[in-house]
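Enquirer: Going line by line, the protein sequences match chains A and B. Residue numbering for the first sequence follows our numbering, starting at 1 and increasing by one per position. Residue numbering for the second sequence follows our numbering, starting at 1001 and increasing by one per position.
Just so you know, these hints were derived from the structure itself, not from any lab. Using N, Cα and C, we set each Cβ at its ideal position, and we do this for glycine too. Any given hint could be a false lead.
Each computed DSSO-like pair below joins lysine-lysine, with the alpha-carbon atoms no more than 30 Å apart [to be verified]:
(1) Lys1043/B <-> Lys1009/B
(2) Lys1278/B <-> Lys16/A
(3) Lys1235/B <-> Lys1089/B
(4) Lys1043/B <-> Lys143/A
(5) Lys16/A <-> Lys1287/B
Ranges of calculated distance between the beta carbons of each label pair, as one might list FRET restraints [what the hints assert, rightly or not]:
(6) Asp89/A <-> Arg1038/B: 54 to 60 Å
(7) Arg119/A <-> Asp1241/B: 51 to 57 Å
(8) His10/A <-> Glu1028/B: 50 to 56 Å
(9) Asp89/A <-> Glu1377/B: 42 to 48 Å
(10) Asn1056/B <-> Gln12/A: 42 to 48 Å
(11) Gln61/A <-> Arg1289/B: 26 to 32 Å
(12) Asp5/A <-> Pro1065/B: 26 to 32 Å
(13) Arg1339/B <-> Gln93/A: 45 to 51 Å
(14) Lys90/A <-> Met1419/B: 56 to 62 Å
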Amino acid sequence: MFCDDGLSQHFQIRGKDFSRAGRVSTTIKEILQEVGIDPIIIRRAAIACYEAEMNVVMYAQRADLILNLTPDEMTIRIEDEGPGIEDIDKAMQEGFSTATDEMREMGFGAGMGLPNINRNADTFWIGSILGKGTVLIITFNLKQAGRT
Amino acid sequence: MSQYLHFLKIDAEKCEGRMKCMRVCPTEAIRVRDGKARIIEEKCVDCGECITACPNGAIVALTDPFGELTRFRHTVALPSPGLHAQFGKEILPQKIVAGLKNLGFDDAFDLSLTCGEVSFAIQESLRDYTGPKPVISNACPTVVRLIQVKYPSLIDQVLPIDTPRELAARELKKKKAKQLGLKEKEIGTFYLTPCPAKMISIRQPAEKGHSSLDGAISISDIYGPLLSALEGVEKDGYEKDLENVCILGMGWAMSGGICRTLRIKDSLAVSGIQEIIKVFDDIEKGKLRNIEFIEAYSCHQGCVGGSLTVENLYISFNKVLKLIETLEFEQIKACPDIREVRKKYQEDYYFIKGKLEPRPLKPLSDDLGEAIRKRKEKENVYQQLPKIDCGACGSPSCMAFAEDVIMGESVITDCIFNMPQQFKKLSKEFSSMLEKSIAMSGIQTPDSEKETKKGKS
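Bound-form chain B, shown alone:
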């Protein structure tokens, strides 16, 4: 068993080994062996690219089933701003909250105000920050894991402020327990998630702390039932709650949503894990030092592009913008009290409790001398390969294959380009062996007969 939990499972029956997942994996964590894909757990950062890529639907995200709710005395749904992005201005956030209550949650809590509050807290912490720049947002759990695995030297640049979903769940548990006279563990807090990565961040927080959320339900699972539940919602049932909707926080679902709430000179919003890798490479080389804050999302366009959403990501991105416009027009703009936030910030209310530790990949060997020897060997193997990264061997690139060979997980003849050469070499060896044994035994072959005839004439 690996020490890292993942909520991606490959259904071996559905998997036909078509290698699409292997090719899109940004950390080269997938190999196809004996016609089936498998995940190298230490390398996986839970981005979910493989889920979207699989043509057979063989890779599934294990989020919580709806039935989990019965484990708790009182349940609260915390919809990600990504849920509102599915509906846009046609169905306002508070109608969704009311709809969720119809679905069977005892309560539902819109995160936008907390998101706005955290935006202010981020601003405070950026003001106090004196370390190397830029500070990197921790809103996306995949980005945090990518840093742990591939960019451990950037770990101190990750924002130490907790995410809105965690802060809200912590607060709700406390509040509800007091109100209802229950224990905190009897209150179930469920995040409605646009991606599997949030699920993992709940079960195994990157910071080794304890999550205040009890589970995550995928937006794609809840979308259908929610649509029908919305039909029964009366307007006066939710109108007054609209006052709590904060337009600052509404944008958190999309790339650039945090940056636009911060009053800082230079910030950058990046989305798409391959793009993030390029930007992080630049940061490690000492570039981008004039940027104060980087908002990075593994999915394109931010959480609206999550693999567990329903709507096309460009459409939902636009829906968020239109929703914000509508709310502004309707003058619905609750705003967190900045003095209150500052006070809580001073009391360390917003800071993440656990410490973020790197989880660098295992080196080729624990002994440096041996590791260097192996790296040399890897280069030698790589030089024999065609370097076209065809993937037919079941490894995502020739470089990855070279490593698999020296680590004993593949053999060089798995490369179809090496097979003919290898075959030639073997057949040469074989024929020379044959000749030798013929010569020793003194058998007359057609060739030798000819030669003797020639000699006579």
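If we strip away everything but chain A, and leave its shape as in the complex, we get:
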């Protein structure tokens, strides 16, 4: 998964760790700023990454997130150990959520997570095995917009 010609970084996300949730997406955002990615792409990436991170925190035990960055594209791959998704098509619908009442009270579980990732990413792949976990691969094309 690590590539040679670009930057690869590995992050760990812990499930149920609400107080630290969002740190990984903030770090990734800072890396993208430092290399000078277009602010609009950074914002899309930050939103997608945060939604993915929150899904892990809310549902899974843990996850590995790998960021791969080359001059052409950025890939974020998140592989979690968790319950998996029973019906991916349903989970991709806006407004569908299996969040508990507590999660909703904290402002999550509006059923926007996966569709929001899909909307912000250039390509989005999702695979899941029930009882084992879920893999997301989110990519952003960096060549499309001019650099600032």
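Model the placement of chain B on the given structure of chain A, informed by the hints.
Expert: Below, chain B alone, put in the same frame as chain A:
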């Protein structure tokens, strides 16, 4: 020379390199090199945290000296609501205005009514707004600069309505010029400021436009002289002016002061630049979308906490609340005419003329491939560091130091934790070199003698 003006200067003679400023700087814009602090101008957002932190008073804000007044034919003082917060209900706003005239200004203008007017205008613009939420207040110049530098993607969410100080100065210049038969540039408008950031917003507006204010005088500079000037003020000299004091605008000096004047469902008041950074990070991740308006001040508790104020910020916060209470009790509550505001709003009277552009930090390299390589290198350097952010190297954090190393501004041995390791490595290399040269030259060392003896026996 940098393209960005700053009104913070470090006095190299007073600076002892004690690094307090470097540690409090929210944008990591300070480095200590050769025992002296220096500011990286592109990163500085003029928050003034370093001024307060410096134990030696070596960092000073360059506001205008009082003598600037002589440059103009007619001068007007525009006290920030933060000035009233220094005095509270004991000295009413209009007495302060009268006192300022005694100090040598030809006129003084209380901003509270304009603040109230702008509150209404903000309400109008929030109603028309259809972009991503929340809208972020532009009252604090440091917040606007923070967005330009660190959160360029939020730039379209910054409120496009001009600040009361600018609108009032523009109006006053026009009015006074007509009244007195002078040119607008002969009228000097001076803002009495609670912080150095307002000074910069006058000299170099973030929106690249032109400020209607001619200068800023610090509240801490004017406080003493004003106190003595107030002694000569008679009550009937200012009583009638009290009618123009607007309690809606009085609260603009404190955090939450704008929100309380807006009739909207969800608004948020944040103060303290570190807190703002957390909130802006959340906004960038797509959180807080249900909040309509965010009022953010770089200083704790709002402008009352500015680095150029005199009174303790919690006390002055309370003084504003008590002042509003008193004014309400005395039934002094001038209010801008909402129909008038709506009409002017439709005529674009309140909108900022210039456009706010991002000023993102320079990437590690202009070439993306090279920048990515450098970022990788930075991570490698960072992994060799102790990650305790001690700051002894003169950079504010190990991450910042790693960047300074790859950009060639520091060397890795500047890290005191790397020095012993580096020393060990060098001494190892040195001793192996020594051994080699000894072996080649065939000199008998004590060790080799022993070995030969052993061999014989």
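Enquirer: Quick one, are Lys16/A and Lys1287/B close enough, alpha carbons at most 30 Å?
Expert: The hint holds at about 18 Å.
Enquirer: Determine whether the Cβ-Cβ distance between Asp5/A and Pro1065/B falls within the hinted range of 26 to 32 Å.
Expert: Violated - the Cβ-Cβ distance for Asp5/A and Pro1065/B, about 57 Å, lies outside 26 to 32 Å.
Enquirer: Can you let me know if the beta-carbon spacing of Asp89/A and Arg1038/B is within 54 to 60 Å?
Expert: holds (58 Å)
Enquirer: Is the distance from the Cβ of Asp89/A to the Cβ of Glu1377/B consistent with 42 to 48 Å?
Expert: Distance hint for Asp89/A, Glu1377/B holds at roughly 44 Å.
Enquirer: Is the distance from the Cβ of Gln61/A to the Cβ of Arg1289/B consistent with 26 to 32 Å?
Expert: holds (29 Å)
Enquirer: Sort out whether Lys1089/B lies within 30 Å of Lys1235/B, counting only the CA atoms.
Expert: holds (15 Å)
Enquirer: If you check the beta carbons of His10/A and Glu1028/B, does the distance land in 50 to 56 Å?
Expert: violated (25 Å)
Enquirer: Could you grab the alpha-carbon distance between Lys1043/B and Lys143/A and see if it respects the 30 Å cut-off?
Expert: holds (27 Å)
Enquirer: Under the criterion that the straight-line Cα-Cα distance not exceed 30 Å, is the pair Lys1278/B, Lys16/A satisfied?
Expert: Distance of about 20 Å is within 30 Å: holds.
Enquirer: Assess, step by step, whether the Cα of Lys1043/B is no farther than 30 Å from the Cα of Lys1009/B, and give holds or violated.
Expert: holds (15 Å)
Enquirer: So does Arg1339/B sit 45 to 51 Å from Gln93/A, Cβ to Cβ?
Expert: 47 Å Cβ-Cβ, so the 45 to 51 Å window holds.
Enquirer: Quick check on a hinted range of 51 to 57 Å for Arg119/A and Asp1241/B, using CB atoms only.
Expert: holds (56 Å)
Consistency note: the structure conflicts with the earlier hints numbered 8 and 12.
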